[in-house]
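Asker: One letter stands for each residue in the lines below.
Number of protein chains: 2
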Amino acid sequence: MQRTLIIDCNKLVGEVVKIEGFVQVRRDHGKIAFLDVADRTGVIQVFCSGEQAGNLRSQDVVSIEGSVAKRPEKLVNPNLETGEIELQTEKIETLSKSVELPFDMSNKELDLQLPTLLDFRSLTLRHPKVKAIFSVQASLMAGFRKAALDLNCIEIFVPTIAASSTEGGAEVFKIDYYGHKAFLTQSPQLYKQMLVPVFERVFTIAHAYRAEPSVTTRHLSESTQLDCEFGFVEFEQLLDLLEQVATSMLKFTEEKSGKNLADFGVEKIAFGKIPRLSLRQAQEVIFKEFSRDNRKEKDLTPQDEIDICKWALKEHKSDLVTITKFPTKAKPFYTKPDPEDPEYSLSYDLLFRGVEVLSGSQRINDYQQLVDSIKSRGMDPKNFEMYLQAFKYGMPPEGGFSFGLERLTMHILNLANIREASLYPRDMERVDVRFSTLKK
Amino acid sequence: MQRTLIIDCNKLVGEVVKIEGFVQVRRDHGKIAFLDVADRTGVIQVFCSGEQAGNLRSQDVVSIEGSVAKRPEKLVNPNLETGEIELQTEKIETLSKSVELPFDMSNKELDLQLPTLLDFRSLTLRHPKVKAIFSVQASLMAGFRKAALDLNCIEIFVPTIAASSTEGGAEVFKIDYYGHKAFLTQSPQLYKQMLVPVFERVFTIAHAYRAEPSVTTRHLSESTQLDCEFGFVEFEQLLDLLEQVATSMLKFTEEKSGKNLADFGVEKIAFGKIPRLSLRQAQEVIFKEFSRDNRKEKDLTPQDEIDICKWALKEHKSDLVTITKFPTKAKPFYTKPDPEDPEYSLSYDLLFRGVEVLSGSQRINDYQQLVDSIKSRGMDPKNFEMYLQAFKYGMPPEGGFSFGLERLTMHILNLANIREASLYPRDMERVDVRFSTLKK
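The listed protein sequences correspond, in order, to chains F and C. Position 274 of the first sequence, counting from 1, maps to 273 under numbering that gives the first Met the number 0, and the rest follow consecutively. Position 58 of the second sequence, counting from 1, maps to 57 under numbering that gives the first Met the number 0, and the rest follow consecutively.
For reference, chain F alone in the conformation it holds in the complex:
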């Protein structure tokens, strides 16, 4: 007998079908039992005798033959896509038996402490509310990719192994590379720039590695970046492009993952015209509207980010706000200083509901200026040979930007910790298994 997908049972009332899936919940009522069985398309209530249910429990994998029946009016569940039907069991086969669960998986919320959530990651990811995080994440990726393709970007796949620690700043992971020293790239930044003269417009979904020896709720040792880079563009056009990609990707996600977003209590995103303020202008707003004088700081404080977003929502009906022109010194070497005021740079962040989710800049595209900038940061241009080669042979005005995927996911869904937005998060204390438990 062929398998029927659970969602398709809705159209098969009165017929005998075979479904295959995981037991999510078992409810016993004297001599009868109800099982909630899930496959990739949905969940269905299965009615069976206690004998048929045997010792089945949550996470057992089953194949069930039975007839699809309408539920009595008063037992209809309006919150379930198959809420008007149930499956009346003829035969249950166990395809794979689960051991006893270490905690209850049947509640709507999986209320676990983070270490437990991660110690049992291969199990906890199965909980509908946990799994939903990654459906939203997949929508963000797909929405980003669609937006980039719509702008004529070509997808590139760039290396993660590099011969030198390239961007400076953050700590890097060292690799033993055939006896030579090599490093995991901190981002796809340099490679996406190098490919601008080749393809003019590129995008990539790439790994980023940061060996920061700190344990916070906002850092991962291995994360995912959504990156775009555009040739033949100037600053204002870059702002148009980043706002277009961000808006398009968020709208796509609301469309594809609306139900998941609703389950997380996420409000509809406000897509008013996105206000653009330089850092100094934003600090003026903070000073005037929120009475904090941070007008000489080199960045917005976390509270400033929250407040400027409140202001943008109130004044511009926008959950997004673009902040530009951060001090040149505070930005990486490839950032182009504003020719009219070189103390500030042609850089930008995009804030969303109180948090920065994107950053980028117009880049230095002049070879000599770039070499000088590398030197001025105390780095050696010799370590950038292949990167500089791309500029030596002609590089158009160019720029780009980058979203942190886990960060964006975390923030949209109001998760407490970025680890919840990574399938198998890597940090200082854990690579799947906690290091502290390894040396027994």
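Watch out, some of these pointers could steer you wrong.
One copy or two, it doesn't matter: identical chains are merged, so the pair holds either way.
[As the list claims (entries may be wrong)] With a Cα cut of at most 20 Å, we get these calculated DMTMM-like pairs of lysine to aspartate or glutamate: (1) K374 to E342; (2) K173 to E428; (3) K96 to D371; (4) K96 to E233; (5) K17 to E233; (6) K173 to D426; (7) K255 to D149; (8) K145 to E254; (9) K287 to E64; (10) K309 to D292; (11) K90 to D38; (12) K130 to D38; (13) K130 to E80; (14) K258 to E154; (15) K267 to D340; (16) K173 to E211; (17) K267 to E384; (18) K180 to E428; (19) K287 to D298; (20) K73 to E428; (21) K10 to E72.
Source of the hints: derived by calculation from the structure; they are not laboratory data.
Fit chain C to the known structure of chain F by using the hints.
Answerer: Chain C alone, transformed into the frame defined by chain F:
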């Protein structure tokens, strides 16, 4: 003045436009000069005076204002999308100047030795014929993704840092991970399996690292895999799925990159019904049709692969052929032995025009059988704790497959070396720059 994309000039005869792009070729004819200028949409012939052309050369980045004119009939170039027009220069601005090129970039073929091709990778990638390789590669990725999404797979992004060398066999790269030992994953294999109970069907485009200390034309230290994994499927259905994905992805690539494929002299792919043979059946064909008796070998030889594909094309009008049931011992620990003949496994390769481009298998989904299989290979189940957790709590029958992206690209385009199919290839001798040149 706004930039006009080169391809759009076709519709603007008689009008004054500004184009921006790279000088590809310069041809001087006494007091006049022709420039071929390229942007992401195409190439246009620019007519100018020698004075206007100044010292412009290949790879200079220019902005040119001029009027679009019809070419005289006899000067029309039918091989160029803008072959009926040219741009008559009013003003040329150099946006970025290239240094002198180390070799001629103006010929149709870039006839360089591999080391030079890679030493100047940021330059050589700009050559139209080199760049075309990666347009085809992008089509393969997009075609794969579309095929996977059409089959309800969800996109996952899996870690590349692992706590133990997982799959055995090939050498692994060691990382210094906050003072602990960690490794770069050899493939996304274990993680995609772990996510089957979560999403049932998953796909990923992932990095794969192999520290094999050998320099061949077919191995990269860092490569890209296109992976799918499906739950609730049995062997025959897996064969249907892999053939469906492969066919769909190749058709997509022919559709999107037809011109590039033609430039490489690639013949139309034959999509007859794909023959399926067990290894032993294939070896019988080789014995009967090609008079080589390899019937006891544990795999097809390279010549066998070529010949069985010739046979498939002749007998079945198919450039693809599926080979199944390789000896269990020759396959990784997670491969399911055939219950009817455990010496052989429920594994498969897909061959395309004489080369294996995909491999995969039905997996062991029983926890105890999997633990036993790990032990039987001399490995320690303790190193697979998070992986085994996924099986302990119920795992449906499942299987999947994986394409090597660079390998497939190389093979479709008949490239001589897999390094040509990687933007910035990593091997034993080179990470962008050759190690041998570093210690000067």
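Asker: Give a verdict on every hint.
Answerer: Hints versus structure:
{"no.": "1", "hint": "K374 to E342", "in the structure": "within (17 Å within a copy, 62 Å between copies)"}
{"no.": "2", "hint": "K173 to E428", "in the structure": "both (17 Å within a copy, 18 Å between copies)"}
{"no.": "3", "hint": "K96 to D371", "in the structure": "between (64 Å within a copy, 17 Å between copies)"}
{"no.": "4", "hint": "K96 to E233", "in the structure": "between (60 Å within a copy, 18 Å between copies)"}
{"no.": "5", "hint": "K17 to E233", "in the structure": "between (59 Å within a copy, 15 Å between copies)"}
{"no.": "6", "hint": "K173 to D426", "in the structure": "both (15 Å within a copy, 17 Å between copies)"}
{"no.": "7", "hint": "K255 to D149", "in the structure": "both (18 Å within a copy, 15 Å between copies)"}
{"no.": "8", "hint": "K145 to E254", "in the structure": "both (13 Å within a copy, 19 Å between copies)"}
{"no.": "9", "hint": "K287 to E64", "in the structure": "neither (68 Å within a copy, 47 Å between copies)"}
{"no.": "10", "hint": "K309 to D292", "in the structure": "within (17 Å within a copy, 77 Å between copies)"}
{"no.": "11", "hint": "K90 to D38", "in the structure": "within (18 Å within a copy, 64 Å between copies)"}
{"no.": "12", "hint": "K130 to D38", "in the structure": "within (13 Å within a copy, 43 Å between copies)"}
{"no.": "13", "hint": "K130 to E80", "in the structure": "within (18 Å within a copy, 48 Å between copies)"}
{"no.": "14", "hint": "K258 to E154", "in the structure": "between (29 Å within a copy, 18 Å between copies)"}
{"no.": "15", "hint": "K267 to D340", "in the structure": "neither (39 Å within a copy, 57 Å between copies)"}
{"no.": "16", "hint": "K173 to E211", "in the structure": "both (13 Å within a copy, 18 Å between copies)"}
{"no.": "17", "hint": "K267 to E384", "in the structure": "neither (47 Å within a copy, 41 Å between copies)"}
{"no.": "18", "hint": "K180 to E428", "in the structure": "between (24 Å within a copy, 12 Å between copies)"}
{"no.": "19", "hint": "K287 to D298", "in the structure": "within (17 Å within a copy, 75 Å between copies)"}
{"no.": "20", "hint": "K73 to E428", "in the structure": "neither (51 Å within a copy, 72 Å between copies)"}
{"no.": "21", "hint": "K10 to E72", "in the structure": "within (17 Å within a copy, 64 Å between copies)"}
When held up to the earlier numbered hints, the structure conflicts with 9, 15, 17 and 20 and fits the remainder.
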